[in-house]
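With chain A's structure known, arrange chains B, C and D on it following the hints.
Protein chains: 4
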Amino acid sequence: MTQWSISEYHNFCNTLKSMWLRVSFDLVFDIEIPTPFILMLRPRSGAQQWVARESYKIEPNIQAYEYTDAFGNLCQRVIAPSGLFSIQTEAEIKTATYVDEAPDAPFVEIQNLPDTVLSYLLPSRFCESDRFSDLANAITANALPGYNQVVAIESWLCNTISYIPGSSDYAISAIEVNNKQCGVCRDLAHLGIALCRSLSIPARLVVGYLHNLEPMDMHAWFEAFVGGRWYIFDATQSGKKGGYVSIGYGRDAADVPLFNQYGPAVYPIKHLVKVEQIAKEN
Amino acid sequence: MTQWSISEYHNFCNTLKSMWLRVSFDLVFDIEIPTPFILMLRPRSGAQQWVARESYKIEPNIQAYEYTDAFGNLCQRVIAPSGLFSIQTEAEIKTATYVDEAPDAPFVEIQNLPDTVLSYLLPSRFCESDRFSDLANAITANALPGYNQVVAIESWLCNTISYIPGSSDYAISAIEVNNKQCGVCRDLAHLGIALCRSLSIPARLVVGYLHNLEPMDMHAWFEAFVGGRWYIFDATQSGKKGGYVSIGYGRDAADVPLFNQYGPAVYPIKHLVKVEQIAKEN
Amino acid sequence: MTQWSISEYHNFCNTLKSMWLRVSFDLVFDIEIPTPFILMLRPRSGAQQWVARESYKIEPNIQAYEYTDAFGNLCQRVIAPSGLFSIQTEAEIKTATYVDEAPDAPFVEIQNLPDTVLSYLLPSRFCESDRFSDLANAITANALPGYNQVVAIESWLCNTISYIPGSSDYAISAIEVNNKQCGVCRDLAHLGIALCRSLSIPARLVVGYLHNLEPMDMHAWFEAFVGGRWYIFDATQSGKKGGYVSIGYGRDAADVPLFNQYGPAVYPIKHLVKVEQIAKEN
Amino acid sequence: MTQWSISEYHNFCNTLKSMWLRVSFDLVFDIEIPTPFILMLRPRSGAQQWVARESYKIEPNIQAYEYTDAFGNLCQRVIAPSGLFSIQTEAEIKTATYVDEAPDAPFVEIQNLPDTVLSYLLPSRFCESDRFSDLANAITANALPGYNQVVAIESWLCNTISYIPGSSDYAISAIEVNNKQCGVCRDLAHLGIALCRSLSIPARLVVGYLHNLEPMDMHAWFEAFVGGRWYIFDATQSGKKGGYVSIGYGRDAADVPLFNQYGPAVYPIKHLVKVEQIAKEN
Chain A
50 MTQWSISEYH NFCNTLKSMW LRVSFDLVFD IEIPTPFILM LRPRSGAQQW VARESYKIEP
110 NIQAYEYTDA FGNLCQRVIA PSGLFSIQTE AEIKTATYVD EAPDAPFVEI QNLPDTVLSY
170 LLPSRFCESD RFSDLANAIT ANALPGYNQV VAIESWLCNT ISYIPGSSDY AISAIEVNNK
230 QCGVCRDLAH LGIALCRSLS IPARLVVGYL HNLEPMDMHA WFEAFVGGRW YIFDATQSGK
290 KGGYVSIGYG RDAADVPLFN QYGPAVYPIK HLVKVEQIAK EN
Chain B
50 MTQWSISEYH NFCNTLKSMW LRVSFDLVFD IEIPTPFILM LRPRSGAQQW VARESYKIEP
110 NIQAYEYTDA FGNLCQRVIA PSGLFSIQTE AEIKTATYVD EAPDAPFVEI QNLPDTVLSY
170 LLPSRFCESD RFSDLANAIT ANALPGYNQV VAIESWLCNT ISYIPGSSDY AISAIEVNNK
230 QCGVCRDLAH LGIALCRSLS IPARLVVGYL HNLEPMDMHA WFEAFVGGRW YIFDATQSGK
290 KGGYVSIGYG RDAADVPLFN QYGPAVYPIK HLVKVEQIAK EN
Chain C
50 MTQWSISEYH NFCNTLKSMW LRVSFDLVFD IEIPTPFILM LRPRSGAQQW VARESYKIEP
110 NIQAYEYTDA FGNLCQRVIA PSGLFSIQTE AEIKTATYVD EAPDAPFVEI QNLPDTVLSY
170 LLPSRFCESD RFSDLANAIT ANALPGYNQV VAIESWLCNT ISYIPGSSDY AISAIEVNNK
230 QCGVCRDLAH LGIALCRSLS IPARLVVGYL HNLEPMDMHA WFEAFVGGRW YIFDATQSGK
290 KGGYVSIGYG RDAADVPLFN QYGPAVYPIK HLVKVEQIAK EN
Chain D
50 MTQWSISEYH NFCNTLKSMW LRVSFDLVFD IEIPTPFILM LRPRSGAQQW VARESYKIEP
110 NIQAYEYTDA FGNLCQRVIA PSGLFSIQTE AEIKTATYVD EAPDAPFVEI QNLPDTVLSY
170 LLPSRFCESD RFSDLANAIT ANALPGYNQV VAIESWLCNT ISYIPGSSDY AISAIEVNNK
230 QCGVCRDLAH LGIALCRSLS IPARLVVGYL HNLEPMDMHA WFEAFVGGRW YIFDATQSGK
290 KGGYVSIGYG RDAADVPLFN QYGPAVYPIK HLVKVEQIAK EN
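In order, the protein sequences belong to chains A, B, C and D. First residue of the first sequence: 50, per the working numbering; consecutive thereafter. First residue of the second sequence: 50, per the working numbering; consecutive thereafter. First residue of the third sequence: 50, per the working numbering; consecutive thereafter. First residue of the fourth sequence: 50, per the working numbering; consecutive thereafter.
None of these hints come from the bench; they were simulated from the model. All values derive from a computational prediction rather than experimental measurement. It is possible that some hints are incorrect.
The list makes no distinction among identical chains, and a pair is therefore deemed to hold if it is satisfied within one copy or across any two copies.
Claimed, not checked - Using 25 Å as the maximum straight-line C-alpha spacing, the simulated BS3-like pairs for lysine-lysine come out as follows: (1) Lys329 to Lys319; (2) Lys66 to Lys106; (3) Lys106 to Lys323; (4) Lys329 to Lys289; (5) Lys323 to Lys290; (6) Lys66 to Lys290; (7) Lys66 to Lys329.
In isolation and in its complexed conformation, chain A is listed as follows:
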């Protein structure tokens, strides 16, 4: 009989194999009028990853302020002055070589879910889970409740929704994704989340880096809570996956913006993401 670990701490300790990644993100804007930004670009150590080295450079060298949002993400507040405004972040992080899998891990009854997980059952801006029961039931008709249902959803997404990196300028919702039958990584994740929640499986969006992503860019995937813990799912990748580095968690993309900018819209004139494996013992 398999025993499902219950503590995030344990998850990490049980991870057999890990790898070291150096991740970086360069972002440059050309600002016309002073513009308030809220950025979410700082990975933090947690159950699934360890940040050993990190830098965060803002130019010009303006005042910045950091706070933690309700999901535990580190957010930076700045007012970008007019002119070139750049952010360079870099980190060295240990993460799992392969994501944990748990075939047959059971569905967790609502009454047994931790309080903090309950909000991930609710519909959200881009995941209208209140409208997906029929589809979710059809997709998972033959799956054991729990982990296997989420695998069925992930496979369905993989086979049904075309993954077209760079195909979307702004976030669209799960309903819209399902209508278009194609989308970026974020869109597939949103639809996966909506389907999970409609089956009363808590699900959340994760934004971050992925080793060997093609083409390289920031990435988004989702996690589902089954068998007593969160598991990573990503319908944009096939085969055994690993090398995920998370920056932020939330109910959907509305909660996890890499940057939110207020006032007249500005767009990055540079947006460069790098992920490379580095040698460290372990």
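Below, chains B, C and D alone, put in the same frame as chain A:
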């Protein structure tokens, strides 16, 4: 020169006139199979109201468990057994006779908003604020940024969207409300919230009781953060308003369900709301 | 093999027998100059108890404001005007007829403790756990690590420290209690907590009501975290115990004042506690 | 008329002059048996400082897990294996060249304190503020309530308690410090905190780095909440001070350990702190 109070505590102390209300809610279900519920039916004392007496009766007398969600709302978790399942809540509460008004209270710049208020700027399930900039700008074209903009939005809702109590079975989003041009209290609030947020004014949904509501039922309205604090707005009522008792706050109705029920849908066979003024000194 | 439950929610559901209590507390002060108070007199529903009915009456009918402290306790802030100032609280609460016991429940290794429990390992104002290693080791020399160690501490307190209700005007620390070899309920609890923590067992103070306490008054006891959850211990009572109603939790009495008053000291001119069993089905 | 800023965010923006520091801490233990540690060695960006670059190296390369405690401090949990165990932390941080001063900033009435500040009024393990009223009143007899009282306390500490770096192996309490009339930085801070709290001024301990500290080591100082915000005080330094980098905040040293180690005591065989100013524009 008006000075905007900055503390919720102060808000309450400055309230000149208050009234006492006895509110109650009876809810009965006929349950077929044991059904997990998460209820949000317990008002709590805060800056705007004081709960002097409260009862919460569940029949049959099953185990119940209470927790506080991320918005500070009290939530009750139970598993309703098959058969009749009833909840009776009653409370005696002091609240303001008239809601505070603050003509000309200024817009709060993003960089000056408290961290905890920032999440109320984001789009949410039923408030797609990312799609309402043009409409919001048109509605508020002549208003001073801040409180007066929200008044303009409230007036526009009042004049444009028909308030039809009981007209909706399930929550629809601000876009859908704007298309239908009519809705229940919750729908008008959602559209008001979406419009505020699209102007970078934080806005949240409130669910609770309202004295003299016609027809009497649970009610929903919205609050906007201007001039350094939250103010109540309600496009379904005209004239000077008061007698509000809040039960829960959230980004929209997804966060503030009176009850969330899991498994095959069950509907209340009784749903009775009462609000009456009672005599207490003060 | 015994399985230790891991969820506070489960604790409650597994409780086989419970009783209903009506508890009340009347407190009256004669105030000379306006005096700020922070009160902690409001029990809340949680894993171990369910509050079905509650009232909280303040006279004169001044403004009051409620907030939740870092331990999850409900606190009320008021400024008492000069003259008579009274608080009457009453609640009907379901609680366990007998507290849970768990002989042999294991010591939880530091690395396996939940994050939120770690602060209950630290020394605090009235529990100088950094000075009690030798004594704690002597007392528990023959006990299995975990629950049985706490039972050994509870027995040692019961046999060594004379419990003299009403013998202390202000809180003294565990070192002082151990020197005096006598104390009130709070003092015995403080010493028990200091001994537990010195063995790396998380322990916390609880303040509340106890059915059949002699003489009747507010009460204090402690909880220790072993076998994956909190268990109640109370060296002032013998035999199988039950009928506990908690009002507040904290590291020690400094965190859990029934009232904290600022400015020139005032003392209650009335202080009346009642606990009676009432009949309800279950 | 001076206007007291109310937002921590503003505090930072108003800081006129800042400097860049590179701080580092090397810590090595020789471990006999596997030993759980909780470390607090990671500065974070906040209102008073900005972390631009940071590294945290643990050898051997064991699993580590990070969480945020109730005070917002980043804590790392590890189990050190037997053998040499080393931690090297380094950070580049922007901080104020001179700490803010605010002569005559007023005492904040209890009823106007933010909820989150109230716990810093309570006595704690090493700050028995419940026993210092008379001394505090004597020391501050001629001072305007608020900032000036804290300055009087700081001056009294400076003149009365000999600051002897390295003179103490383990933490002693404010009462003990006052009896000995000498102490390390932490001891002076504890006595300062106890005196402030006995006057109903919230005060907290800060642990971190200080530029030009002699002899260089980790440092401790205190902050008091007057005039609507926290101000730094440090009785071990004279003249205009600056160059503070905080790692952790708490009620006293019990809350802010650089490391807490469980099981048989181990002592660092290396403990090396460096702080140097580096050139960056601004």
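Please write out, lowest number first, the hints stated earlier that are contradicted by the structure. none
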